[in-house]
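Taking the hints into account, I'd like the entire structure generated from these sequences.
Number of protein chains: 4
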Amino acid sequence: DIRIRFRHILFSVIALVILISIATIGFMNIEELSFFDAFYLTIISLMTVGYGDIVPESEAGKQFALLLIPIGAAIVTYALGAVASYFIEHQLSVKVWNK
Amino acid sequence: DIRIRFRHILFSVIALVILISIATIGFMNIEELSFFDAFYLTIISLMTVGYGDIVPESEAGKQFALLLIPIGAAIVTYALGAVASYFIEHQLSVKVWNK
Amino acid sequence: DIRIRFRHILFSVIALVILISIATIGFMNIEELSFFDAFYLTIISLMTVGYGDIVPESEAGKQFALLLIPIGAAIVTYALGAVASYFIEHQLSVKVWNK
Amino acid sequence: DIRIRFRHILFSVIALVILISIATIGFMNIEELSFFDAFYLTIISLMTVGYGDIVPESEAGKQFALLLIPIGAAIVTYALGAVASYFIEHQLSVKVWNK
Ligand SMILES: [K+]
Ligand SMILES: [K+]
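Protein chains in written order, with my numbering: chain X, 1 to 99; chain V, 1 to 99; chain E, 1 to 99; chain S, 1 to 99.
It is possible that part of the hints are untrue.
For the chain V half of the interface with chain S, some residues (derived, Cβ under 7 Å), not all of them [said to hold, decoys possible]:
{"hint": "1", "residue": "40"}
{"hint": "2", "residue": "51"}
{"hint": "3", "residue": "52"}
These are computed hints drawn from the structure, not numbers from a lab. For every residue, glycine included, the Cβ atom is placed at its ideal position computed from N, Cα and C.
See the structure below:
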């Protein structure tokens with residue numbers, strides 16, 4: 001059902017927003033980064049790009065990153081899968097509707 | 001249907017070409033990179049390799065990267081899934097045809 | 001069946017714990033890293049973030065990383081897929097139950 | 001069919017071996033790297049880890065990497081999906097057999 005897919009996307013977007021907020025605030029406090037640098041480190045880490053220009057320096061910051069990255073990767077994988085499924089089903093439902 | 005799969009691939013390839021073009025032109029202007037370096041930064045970022053040899057230096061460039069990477073990752077995930085599905089269905093349809 | 005999904009998750013979690021343990025002990029001995037740095041290098045490599053702040057320096061350490069990363073990526077892909085499937089089926093089974 | 005899955009894995013493994021061979025030889029010649037460093041750069045790039053310790057320095061080497069990484073990522077995605085599907089179907093077929 002396409003409404004289930006939509007709820008999956010909504011659920012994963014809410015989970016991502018909460019995670020990114022916690023991560024940004026966490027890096028601001030633990031690593032004493034500006035809001036923007038903490039947000040940049042969060043997104044570059046969660047998307048597994050890892051440029052290496054801004055990295056967690058302290059052991060506490062590294063521990064925080066190690067907690068954050070697997071949770072974030074799971075949610076991102078889930079979200080990307082949900083978005084892909086939604087578009088595939090949406091296209092199918094439009095096709096069936098047109099018949 | 002295999003033609004639906006093919007249209008999915010075509011759609012994601014067109015979306016990728018547009019995104020890569022915008023990203024390359026964007027990095028050329030915001031980060032004052034050469035065409036090739038901007039293109040290199042775009043692909044290394046979208047594929048989430050992130051070598052770190054060329055990175056966005058300005059805050060505007062970093063903001064541009066943060067916008068670009070999630071959109072690109074979604075399209076790449078979608079495109080890779082579409083290509084994989086296409087080959088699996090193609091092989092199946094060849095098998096059924098041969099029976 | 002949702003119990004099969006659950007067993008897939010359990011299997012992949014056990015496989016991950018074993019792999020991470022071997023990798024951490026391996027990097028501690030080959031690269032003479034502390035426990036935490038070896039664990040950090042392991043997770044940052046397996047999640048394909050690759051910040052580049054801690055990398056294998058010796059050829060033996062690099063060979064170890066080359067062995068570790070594809071095995072780990074396969075298990076992580078499998079685990080993330082299993083977790084995603086579990087939640088989707090769980091939600092579906094709850095829905096069917098409520099009818 | 002589980003034999004189709006097995007052939008998918010076999011196909012993707014052969015494709016990966018050919019790609020890794022071409023990439024290693026290519027980086028040895030273009031970037032004047034040793035066999036091991038070229039192989040290390042290939043795997044670290046294809047798995048999208050991108051530590052940044054060894055990167056393509058010349059424009060020709062960077063162009064080669066840009067060609068290599070999307071092809072490799074497509075094959076790795078396909079291979080990991082095939083391996084995951086194989087194990088899921090294998091487990092299912094064992095279960096059905098035991099009934
Ligand atoms: K990376
Ligand atoms: K990286």
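With a cut-off of 7 Å on the beta carbons, see whether residue 52 of chain V makes it to chain S. Check passed: Cβ of residue 52 of chain V comes within 4 Å of chain S, closer than 7 Å.
Restraint satisfaction for residue 51 of chain V [CB to CB of chain S, less than 7 Å]: This interface hint holds because 5 Å falls under the 7 Å limit.
Can the hint on residue 40 of chain V be confirmed by a CB-to-CB distance to chain S that is less than 7 Å? 5 Å, holds
Every hint from the earlier list agrees with this structure, and none is contradicted.
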